[in-house]
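Trainee: All residue numbers for the sequence shown refer to this note's numbering, where the first residue is 574 and numbers rise by one.
In case anyone wonders, no lab produced these hints; they're calculated from the structure. Do not take every clue at face value.
Stated by the list, open to error - With a straight-line cut-off of 25 Å between C-alpha atoms, the simulated SDA-like cross-links for lysine to any residue are: (1) Lys1051 with Asp812; (2) Lys823 with Asp812; (3) Lys823 with Gly1059; (4) Lys846 with Gln917; (5) Lys846 with Ser829; (6) Lys823 with Arg642; (7) Lys1051 with Ala607; (8) Lys814 with Thr833; (9) Lys904 with Ala871; (10) Lys904 with Asp943.
What the hints assert, rightly or not - Between beta-carbon pairs, the in silico distance windows are: (11) His874 with Asp954: 21 to 29 Å; (12) Arg850 with Asn614: 32 to 40 Å; (13) Lys846 with Leu940: 48 to 56 Å; (14) Ala687 with Asp989: 22 to 30 Å; (15) Leu940 with Gln695: 51 to 59 Å; (16) Ala1087 with Asp1026: 28 to 36 Å.
Source: prediction; values computed, not measured. Glycine included, C-beta positions come from ideal geometry on N, C-alpha and C.
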Amino acid sequence: MTDMDRDPTEFDHDSGEEAEKTLTASRTIDEQAAAIRERANLLGIHWHERPVQADADTIALVDPEVAVRLRIVPIDRRDSTLVLAMFDPLDTDAADEIAVLTGIPVQREGMEPAIFAELLRQHYGTTASKMADLLGGQTDADGDDLEHNLDAFETDDIHRMAEEPTLVNLVNLVLIEAIQSRTSDVHVEPFETELTVRYRIDGVLHMQPPPPKHLQPALIGRIKIMAGMNIAERYIPQDGKISLRYEGRKIDIRVSTVPTLYGESVVMRILDKSQLRLDFNTLGIRPELQASMDDLLAKPHGILLNTGPTGSGKTTTLYASLTRIFDATKKIITIEDPVEYELQGINQIPVNAKRGLTFASGLRSILRQDPDIVLVGEIRDGETAEIAIRSALTGHLILSTLHTNDAISSIGRLVDMGTEPYLVASVLEGLLAQRLGRRICDHCKTQVPMPDDIASRIRSEEVATFGGQVWVGQGCDKCNNSGYRGRVGFFELLRIQGNLRRAIADGAASADMAEALPESFRTMRQDGMDRAREGVTTVPEVLRATQDAEEIFD
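Please put together the full structure from these sequences, using the hints given.
Mentor: Pasting the structure below:
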């Protein structure tokens, strides 16, 4: 089988903990298509560059499993000939198989990869009825013939069902669709009468067509097998990992399961390093904040904390910081739970609590490795905070994260963990708080008069700065009619200096410390409003992202 003949939806399964799955050959889909298109043109084979329509009767001539396996979609009947849209129209074996199965002569036609993928998804994708077709035509309407009591499924039955070729293709298609739609997390959630699937895209969950409830044991079992989990254990949380290659790039998927009332809930976090942009400009950090960050990162010792809720992009910002300052003269070590992305030239240690490797114990060991800079994934307790502060006092630059609503609240959090205020004042150099908002789609954004409901939700002084106009996304095919595509950060950077450092040492309350902030300090909301005026995001996105971060200033 040649590279061009390889099924792009096929995983090579290995039950080992770190099995490498392959979706495509080493060449990207676009490179394969270019080579195929050139040869097809020489042979006079028609090539589609625009979407095509296919009626249900024509689609029904080919079984879904066969279409996915052979990478073909029947699109038309012309003069007693069945026209096939093919990923590889040079694949005569696939065309001959369709001719034998249907009893109809076939005509091969090529198609651009993205258009073909959408056509395949549209007709053999993840709707409930199509998934039922993939597994033999059963539906939940079969009622009493289906067993909904999950305890009745034996482990061997689930394992057998999970390895059915049709189900394997189905899970592969879900993962491919999620990757193509820039999904960060896939949620598979069981309820009493349904099994829901949701994709988190640009920070917002989107409901997908649900699979039939009776597929729940096999679908979740297949995911657990791929992630190297114990398929027999359904009553305690488990974590696993799937590694695969898609269109020539490596993608890691972190898998988490937890037991619920109606079965195991699964969340798959997709970590696509090719989509990771470790650059301050791409993250949305303004030039003046970048200059201040560079000053802080150049310090020989001290603590720089990045704060915000889960999913606000803290780890990505810290990775960008390490990438920005890395060179051969510095020894950089991280301890993370888990290591989300591998950074070239940086020693990264994953937390392993089961074996006694925690943030605190790992940090102690790291200090014996002669580091210059240490990244601690999160300061969760007083012990880790104390070791981090002692490390900064002995000449190390420590980068870490906290879960607080804004920058200044991090000071109180450290004190609440048992750290003396004078020690916090001695070592703390900077606090960077952040949120993520959705970017307006560049293809459909436009300015409109400010609606009354937006004007009523923001301060009068903010209304005046917009000049009566706001940016909105109208919705188009590039953004799935959402009006948004991608995300941008809103930041506030608080440098610990002068009056503020003295206020911290004196144990002042957060409200009193707010009085010591420099006039140049700008909050996340102010930063976000600047982005809204520039047409990078919208006012509702700024309000949504920063609504919990302004209390201390109100």
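Trainee: Just to be careful, I want the Cα atoms of Lys904 and Ala871 compared with a cutoff of 25 Å; is the pair within it?
Mentor: 14 Å, holds
Trainee: Next pair to validate is Lys1051 with Ala607; report whether the Cα-Cα distance is within 25 Å.
Mentor: 23 Å, holds
Trainee: Given the range 48 to 56 Å, decide if the beta-carbon distance of Lys846 to Leu940 lies inside it.
Mentor: 29 Å, violated
Trainee: Is 22 to 30 Å right for how far apart the beta carbons of Ala687 and Asp989 are?
Mentor: 52 Å, violated
Trainee: Can the suggested window of 21 to 29 Å be confirmed for the beta-carbon pair His874 and Asp954?
Mentor: 22 Å, holds
Trainee: Hinted pair, alpha-carbon criterion (25 Å max): Lys823, Asp812. Please report holds or violated.
Mentor: At roughly 20 Å apart (the allowed maximum being 25 Å), Asp812 and Lys823 satisfy the hint.
Trainee: Has the given pair, Lys1051 with Asp812, been kept, meaning a C-alpha gap of at most 25 Å?
Mentor: Not satisfied, since the Cα-Cα distance of roughly 34 Å exceeds 25 Å.
Trainee: Decide if the proposed pair is consistent with the structure: Lys846 and Gln917, CA atoms, cutoff 25 Å inclusive.
Mentor: Holds, at about 12 Å.
Trainee: Given the hint that Lys823 pairs with Arg642, test it: the Cα-Cα distance must not exceed 25 Å.
Mentor: Roughly 22 Å separates the two Cα atoms, so the pair holds.
Trainee: Check whether the Cα positions of Lys904 and Asp943 lie no farther apart than 25 Å.
Mentor: 7 Å, holds
Trainee: Is it true that the C-beta distance of Arg850 to Asn614 lies inside 32 to 40 Å, as the hint says?
Mentor: 36 Å, holds
Trainee: Go ahead and decide if the range 51 to 59 Å is satisfied by the Cβ distance of Leu940 to Gln695.
Mentor: 56 Å, holds
Comparing the model with each numbered hint stated earlier shows that hints 1, 13, 14 do not hold.
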